[in-house]
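With the hints in hand, could you dock these two chains into one complex?
Going down the list, the sequences are from chains A and B. Each residue of the first sequence is one higher than the one before, counting from 5 in this note's numbering. Each residue of the second sequence is one higher than the one before, counting from 17 in this note's numbering.
Just so you know, the hints here were simulated from the structure itself, not pulled from any lab data. No false leads were mixed into what you were given.
Short, incomplete list of chain B residues facing chain A, as computed with Cβ under 8 angstroms:
1) G56
2) V69
3) L131
4) Y194
5) T201
If you want the ones that stay clear, here's a sample from chain B, every Cβ over 12 angstroms from chain A, calculated:
6) V43
7) V86
8) A102
9) L115
10) T147
11) S148
12) G156
13) T168
14) N170
Computed from a predicted model, the values in this text were never measured in an experiment. Positions of the beta carbon are idealized from the N, C-alpha and C atoms, including for glycine.
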Amino acid sequence: MKTAACLLAIAVAAGAGLPVHDARAEQPGTDATAPFLVNARLNFRVTYPRFLRFRVGAASTAVNHLVFNVPAAGVGNSAPVSATSGGDAGASALNIEVVGNNGQVTITPTNSSGGLGIGTGNAADGRIDYNQIQTTSSVPQLPPPVLSNAGGTPVQPTLSSALVTQRTAVWTYSYLNQTIPSAGTYGGTTASRGGRVTYTATMP
Amino acid sequence: MTIRGLAGYGLAAALAAALPASALTVVVADGTPEIALRVGAPGGTISLVTFAVAAATAGNSTPVLGTTNVAAGSSQGANFPTACPANNVRVWTRARSTLATPRVATLTVNGSGNLTSGGNSIPFTNFDWITSGGTEIASGAFSGSPSQALLTFNTSREISVCKRFRFLNTTVYPSGTYNGQLIYTLQMP
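Isolated chain B (complex conformation) (with noise of 0.2 angstroms):
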């Protein structure tokens, strides 16, 4: 859902908190140049998503949700003020410019690594997300590239999109505990 064509910040705000807040672009007003990118919760804490195979079901290519806390889903600011659905993490980029000089930012996810445990490795490829209430972001799966494309998009705009993620279960791996680490990048000239 898009709110086009808005001057002023609070205006924006004020719609904004009358529609669905999971997904949503604010134009918000020029002004000096800036970016700003949050995943996951606020504050100073990575928010980590968890997936807890069963054995029963391990390897046959139904699904396992990820999960989190309510704090990676929470509300971000005037413009985002319903917190995402259970289990969902929140990205959410800003970027400003000014009316004279309107600039594209881009929003990248670097997936190329792997979950580890000891040895063994579960690839980023593995897993998808599915985006709730909106399609700036829209549901996809993890290419394994260094930078994966998410969202282009003009200045000046908030955007927010909730996102649950899943391991797709398709291979069977040895047990452990494997960890790993995306990293988003948001870029603007």
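Okay, chain A solo, but in the shape it has when bound (with noise of 0.2 angstroms):
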């Protein structure tokens, strides 16, 4: 509104002791007294929504499947591991992108496992724990949440001016190696076996 008034202030200096038509009177406007000078308005509205984004991979409905392959010579030596496929950044990495208008966003993971961690489908295999699987962020203030058995936690994206967040970043994946859990396939895409993972935005 300040501006407004600003624009409506120049206009009036500008026409000063001129016979001035703008476009409150009827256009087309004229002045046939010399220095001439006419002004004509033009009014412009933005409709603007309140709205969130949020991208996790692939811009698309598939969900992306990292796989993670362990080499029997580096079982449990804690020397992380990539995954060698199912990443849209890279084989092991999934392109970020949050986008909304209403204040802070909150990202917030939960996964299948129901709080068990990662299974093979047999419970005598036992489970790998979500604090084995390590992700790490490209941007700073687009951080990644630290994942656990019971989902992990929320993370807030740096808010990129007054209300909104507009953030794009890469997380990178992958699985440290600390423990040496039974042989098998851990996971995958049986979501029973508690290897998907959804991360929520969430806004005011």
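Encoded structure:
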């Protein structure tokens, strides 16, 4: 409003002492007295929605599936293992985007393990805890949640400006390989094995 | 498209009617000095251009086309009998002087302000326009200047262009209904 008032003030100043015709009068406005000056106004209106957009991985409805293969010679040696496939920003990384315009965004992770960790489908094989999955971000303002069997710790991307978040990053995943689980395939596309993480973004 | 060297107003009008009327320069008869300006609809109403941003594409740098009513681009006198394309705004000017004292008229626009919604604002530098049918006022963007030059021309002429405005959509803004006003100014010494 302050700036709009300024616009009006400028127009008045420019036309001070002159027979100015503007668009509040009949258009076309005319002036037949030197120095000649005519103003016409045009209004703009932008209707801007309240929205929240969130992307983890591929820009589609597909769910990315990160596959970590642990070599026998290195099982449990604490050397992190990168995924060999499944990412959309490299084999072990995902593109992340969060855009919203009504206040602080919070990203909360949950998983399909029921708090137990990632299994093979056979209870006797035991589980791999989610604390063995590490996530790092390429952008400090869009940090990844630290995953746990219970889900993980919510994070809040840094606001880009008042009320607005507009952040993109690449999150890179690795298997920390600090334990020696039973041989087997843990997690995968069968959600009941506990290998699916769901990130939920919320905004006031 | 320009018609030059026509001595009589009636002749100019006759030729213009056969040409694309969305953008045109028409030489008119010299006479008592006078200028005239129309932006948008004729009459006493200030035309409104609206931009509806979609949630799915807000801030993705895909321009959002403005819309307005038919009156904003309606025909203008005998020299411009054809309406602008839909959702275009007509900008029409006329500057006349005597043969003995030719003059130069200038059209500027003040786009230094913002559209505001409560305490939030969108600067006019986030908008541009596409001129249809001619180059008298080239397609361009608002610079933020309080006196951005659009057109300079010699008397005695009428010039009219049709402009489709766009919101550039390069930045995300808080939700709201933002309103702002441009002021076009035609001057001649």
